[in-house]
Amino acid sequence: MTLKKLSLTLGVLTAAACAPATSPSRPSAPAPAVDRRIGLRAGQFDAAEASWNLRVVAKAPPTGQFVGSTNSDLAFLGNYAIQGNYNGFQVWDITNPSNPTLKTSYYCPASQSDVSVFKNLLFVSGEGLGGRLDCGGQGVRDTVSAERLRGIRIFDITDITAPKYVANVQTCRGSHTHTVLVDPKDTENVYVYVSGSAPVRSPSELPGCVRETPDKNPESALFRIEVIKVPLANPSAAAIVSSPRIFNDLVAPPEHGEAPEDIANMARRAAAARAAGGFTARVNEAEFVLGANFTRPLLDSIVKARGGTGAPTAADSATLRANIQTIVDKMVGANREGPQPGPNQCHDITVYPALGLAGGACGGYGLLLDIKDPTRPVRIGAVADSNFAYWHSATFNNDGTAILFSDEWGGGGAPKCRATDKKEWGANAIYALENGKMVFKSYYKIPAPQTELENCVAHNGSLIPIPGRDVMVQAWYQGGISVFDWTDPANPKEIAYFDRGPVDSTQMGNGGSWSAYWYNGAIVSSEISRGLDVAELTPSEFVSQNEIDAAKTVHMDYFNAQGQPKFVWPPSFALARAYVDQLERSRCLGADRISAVRQGLSNAERVSGAQRRDALTQVASQLGGTSCDASKVEKLRAAVRDLAPLP
Amino acid sequence: MIGMTLSFRRAATAALAVAATSACSTATQQAGTTPPSTARDSAAIAQARADSVRYPYTAADVRFMSNMIAHHAQAIDIARWAPTHGASSSLQILAERVINAQKDEIALMQRWLRERQLPVPEARATMTMGGTEHVHQMPGMLTAEQLAQLDAARGKEFDRLFLQLMIQHHQGAVAMVQELVSSQGAALDETVFKLASDINADQATEIDRMQQMLAVLLFGPQSP
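As given, the protein sequences belong to chains A and B, one line each in that order.
For any residue, its number in my numbering is found by taking its place in the first sequence, counting from 1, and adding 1.
For any residue, its number in my numbering is found by taking its place in the second sequence, counting from 1, and adding 2.
Read the hints as simulated data drawn from the structure, not as lab findings.
Check the hints yourself; a few may be wrong.
[Unchecked claim] DSBU-like cross-link-like pairs, simulated, lysine-lysine; straight-line CA separation at most 35 Å:
1) Lys120(A) <-> Lys158(B)
2) Lys636(A) <-> Lys373(A)
3) Lys104(A) <-> Lys217(A)
4) Lys423(A) <-> Lys442(A)
5) Lys104(A) <-> Lys305(A)
6) Lys120(A) <-> Lys423(A)
7) Lys424(A) <-> Lys158(B)
8) Lys438(A) <-> Lys305(A)
9) Lys105(B) <-> Lys423(A)
10) Lys230(A) <-> Lys553(A)
11) Lys373(A) <-> Lys217(A)
12) Lys105(B) <-> Lys331(A)
13) Lys105(B) <-> Lys494(A)
14) Lys230(A) <-> Lys186(A)
15) Lys217(A) <-> Lys230(A)
16) Lys105(B) <-> Lys442(A)
17) Lys104(A) <-> Lys424(A)
18) Lys217(A) <-> Lys120(A)
19) Lys165(A) <-> Lys120(A)
20) Lys305(A) <-> Lys158(B)
21) Lys158(B) <-> Lys423(A)
22) Lys438(A) <-> Lys230(A)
23) Lys105(B) <-> Lys424(A)
24) Lys186(A) <-> Lys567(A)
25) Lys305(A) <-> Lys373(A)
26) Lys442(A) <-> Lys305(A)
27) Lys120(A) <-> Lys424(A)
28) Lys104(A) <-> Lys186(A)
29) Lys331(A) <-> Lys158(B)
30) Lys186(A) <-> Lys305(A)
[Unchecked claim] Chain B side only, calculated, beta carbon under 8 Å to chain A, not exhaustive:
31) Trp83
32) Ile169
33) Ala203
[Said to hold, decoys possible] Here chain A is said to cover these stretches of chain B; the calculated rule only asks that three of the stretch's residues, wherever they fall, bring their Cβ under 8 Å from a Cβ of chain A:
34) 98-105
35) 190-200
Beta carbons are placed, not taken as given, at the ideal position from N, Cα and C, and that holds for glycine.
Build out the structure end to end from the sequences listed, making use of the hints.
Structure follows, in structure tokens:
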């Protein structure tokens, strides 16, 4: 047994020995009055831990060249979890979730090494200035260099133990993150959207990279995203095929409004004002009507300047009209020469191909994009939020009726979960999608304050396929992992967590969960400095064993969190029972009917063929009548019906 | 995410402490993973140290990390005036966010300098020269006259001036990022690169927001 295996085994044993007395089959106690995440002892590998309705089953420490280097995002393929690292990537075999084993480590430094997979291809993001085409670790010293890689690296992982580095696609701003888009209509190609807001590189290094704004140079690398087309038969021919300008005419609404409508309204008002002889000026993309309070003193000064008196003439008005934009630009500090403000890149884009939609987290905006044509994403909605510093990522609910954006305030390196930090800051914002419009509903932030030694802010997460509910697991850096229910977008609620004390007791160290995703029954978390954690949900008053079992029936062949799959639940008794449990919890089915349905399902499970069909018909007969959740009853009825053909 | 280097001395201390720690701390808290052996940990620390020095920093990096402390300090100084100078509630929220964000970034820059045993500037916008206080002259920083003007303003006038001057201040920070990344060999360090990228993105977003606020202040709300 290697040292690593030994320490792993010991770790698991220790964790088991110290598990709370609550048995997995018994509902857990409600959250204690004082949150157990408060006051956890610090430590790199020996920090105190607190978990609630969640059991950590494995902690695999980093190895070799990945020790002391930042772990980043995760992608999944078959039984493998691929973990990005600023020094490359590691492949873990998670066939046995309680014993991840290292299959491959590939040294090839670049920040942030965000990873995605599709079939035999692995995509890795490179953004930092030290990334090299030859995967060397010496960095790139020159400001202009033919050795630098900023963009997407493509590996052939047909043999996962021996990845082959087959292609690079260089981009002007590098790739902070990327999104693999599988177009249901196109089986020959896969698409990659590149995101990142790092400075644009020199055109001497990569021809065509233009730092000037689009009004100065239409070829600007700002205010656009890059779309890479990857031919599956020949991935080395991958290339940028379009650079859609999805930010055009975008303006910030004051709170949670719909930007395009606001712009349209403002444009209408401005046109009417101009037609009536009024003055207007643009501030960024928005056209403002300037009231007499603002223009009168300016007109008076023009009169004065020509040595006149009395009311301004038509010529004075014309003079003001000719200069008004310059005056306003000066007043609002619009810097027409230097770098332009506003969203000129996305941090991350989540595509949901089954719906033909994408959620873009872009600068100060959350965007809703139509991606039915993968190379021509079109913005169909935009929201801004005065509580959001920086829109980081997006997650749709499974039905596509709600979208959640996270705000990575402070870039993930700052402690934004202190008791003094507002709950709206560095949080998630949840929007209902109503007729293609985003309507603000609520914020969600982990409820337990963290110390100033813990970098903490909303970060990467994914849905847990509990049928009939929207439940998500999310990484909060050193705030740990939080599982929450946002079925009601206006009332998100935490239902499970796992947290460690700070990595360092004296100053803010480098650590915490970068990403926490559900994959085929397990929660896998990429811990920045402590390695790979695997956890399981345990039953509680909020989630039943049947719901967990039903979630585990959803099988994914691969998973990239930025490419959201639509969950479909195969028929199972667990699925029917999960709905029964939900109806019991919501008290939308009477206790006597609940127990009759459960009895009927047990009877049906014990028999087969015609007997089972009869038993299921009997169950269905219990589902008539009214309920306060008719649609859930309908889902249960369908789940029961679908059980009949099962062997 | 901002990359940070570990504090290696502390990591070593922690590793030693681990060896002596018992399994369970309290009934509700569980001990973490069993530590690697001391030898193994030393190797890990050595590796980590090697990684941290992989890309040496340049004078431009040090200049950026040092100067931005004073730059941020001034933003915090003037943001602290908001409650006492009759700022509107939306401006007070903006000011609170500037204080929160830039205080954390100052701590990060000071930590970066301290870890490299470089001089760590205090979070002050001024320096003492020949017995008198001078405001640092970095891009976008407010002059003594601008500071006095803002300090004398109250209410709506404070809001207007604050927004104009903070836009100027933020544009200066963005210019400092541009200068950094145009310097030979600079911003290879993960922390410097990420901080610079974040300042670039965050402050551009905030400039956009402040220009909208300013336009509404100057021209009135435009929604029907």
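How the hints compare with the structure:
A hinted pair counts as satisfied when its Cα atoms are at most 35 Å apart, and Lys120(A) with Lys158(B) does not qualify at roughly 59 Å. Distance check on the hinted pair: Lys636(A) and Lys373(A) sit about 29 Å apart at the alpha-carbon level, within 35 Å; holds. Among the hinted pairs, Lys104(A) with Lys217(A) is inconsistent with the structure: their alpha-carbon atoms are about 50 Å apart, more than 35 Å. With a CA separation close to 17 Å, the supplied pair Lys423(A) and Lys442(A) stays within the 35 Å bound.
With a C-alpha separation of about 81 Å, the suggested pair Lys104(A) and Lys305(A) falls outside the 35 Å cut-off, and the hint is violated. Restraint check for Lys120(A) and Lys423(A): the C-alpha separation of about 43 Å exceeds 35 Å, so the hint is violated. Of the supplied pair hints, the one linking Lys424(A) and Lys158(B) holds, its CA atoms being roughly 28 Å apart against a limit of 35 Å. Among the hinted pairs, Lys438(A) with Lys305(A) is inconsistent with the structure: their alpha-carbon atoms are about 50 Å apart, more than 35 Å.
With a C-alpha separation of about 15 Å, the suggested pair Lys105(B) and Lys423(A) falls inside the 35 Å cut-off, and the hint holds. The suggested pairing of Lys230(A) with Lys553(A) holds, with an alpha-carbon distance near 33 Å, which does not exceed 35 Å. For the given pair, Lys373(A) sits about 31 Å from Lys217(A) by alpha-carbon distance, which is consistent with the 35 Å threshold. Restraint check for Lys105(B) and Lys331(A): the C-alpha separation of about 29 Å stays at or below 35 Å, so the hint holds.
As the CA atoms of Lys105(B) and Lys494(A) are separated by approximately 31 Å, the hinted pair is consistent with the 35 Å bound. Taken as a hint, the Lys230(A) and Lys186(A) pair is honoured in the structure, with Cα atoms around 14 Å apart against an allowance of 35 Å. As the CA atoms of Lys217(A) and Lys230(A) are separated by approximately 28 Å, the hinted pair is consistent with the 35 Å bound. The straight-line distance between the Cα atoms of Lys105(B) and Lys442(A) is roughly 30 Å, inside the 35 Å bound, and the hint therefore holds.
Simply put, Lys104(A) and Lys424(A) have alpha-carbon atoms about 41 Å apart, too far for the 35 Å limit, and the pair is violated. Taking the CA atoms of Lys217(A) and Lys120(A), the gap is near 42 Å; set against the 35 Å cutoff, the hint is violated. Our distance criterion of 35 Å between C-alpha atoms is met by Lys165(A) and Lys120(A), whose separation comes to about 14 Å. Proximity of Lys305(A) to Lys158(B) is assessed by CA-CA distance (about 27 Å); at most 35 Å being required, the pair is judged to hold.
At roughly 26 Å between alpha-carbon atoms, Lys158(B) and Lys423(A) fall within 35 Å of each other, so this suggested pair holds. The straight-line distance between the Cα atoms of Lys438(A) and Lys230(A) is roughly 29 Å, inside the 35 Å bound, and the hint therefore holds. The suggested pairing of Lys105(B) with Lys424(A) holds, with an alpha-carbon distance near 18 Å, which does not exceed 35 Å. Simply put, Lys186(A) and Lys567(A) have alpha-carbon atoms about 16 Å apart, close enough for the 35 Å limit, and the pair holds.
Under the criterion of a C-alpha separation no larger than 35 Å, the hint pairing Lys305(A) with Lys373(A) is inconsistent with the structure, at around 59 Å. Between Lys442(A) and Lys305(A) the CA atoms are separated by roughly 53 Å; this puts the pair beyond 35 Å, and the hint is violated. Restraint check for Lys120(A) and Lys424(A): not satisfied, since their Cα atoms lie roughly 40 Å apart, outside the 35 Å limit. This hinted pair checks out: Lys104(A) and Lys186(A) have alpha carbons roughly 34 Å apart, not beyond 35 Å.
Proximity of Lys331(A) to Lys158(B) is assessed by CA-CA distance (about 19 Å); at most 35 Å being required, the pair is judged to hold. Simply put, Lys186(A) and Lys305(A) have alpha-carbon atoms about 68 Å apart, too far for the 35 Å limit, and the pair is violated. Of the supplied interface hints, the one on Trp83(B) is violated, with its beta-carbon coming no nearer than about 19 Å to a beta-carbon of chain A, more than 8 Å. Look at Ile169(B): its Cβ gets to within about 4 Å of chain A, closer than 8 Å, so that hint holds up.
Below 8 Å, beta-carbon pairs count as interface contacts, and Ala203(B) has one with chain A at about 4 Å; its hint therefore holds. Counting residues of the segment 98-105 of chain B whose CB falls under 8 Å from any CB of chain A gives 3; the rule of at least 3 is met. For the segment 190-200 of chain B, the stated coverage by chain A holds: 9 residues have a C-beta nearer than 8 Å to a C-beta of that chain, and at least 3 were required.
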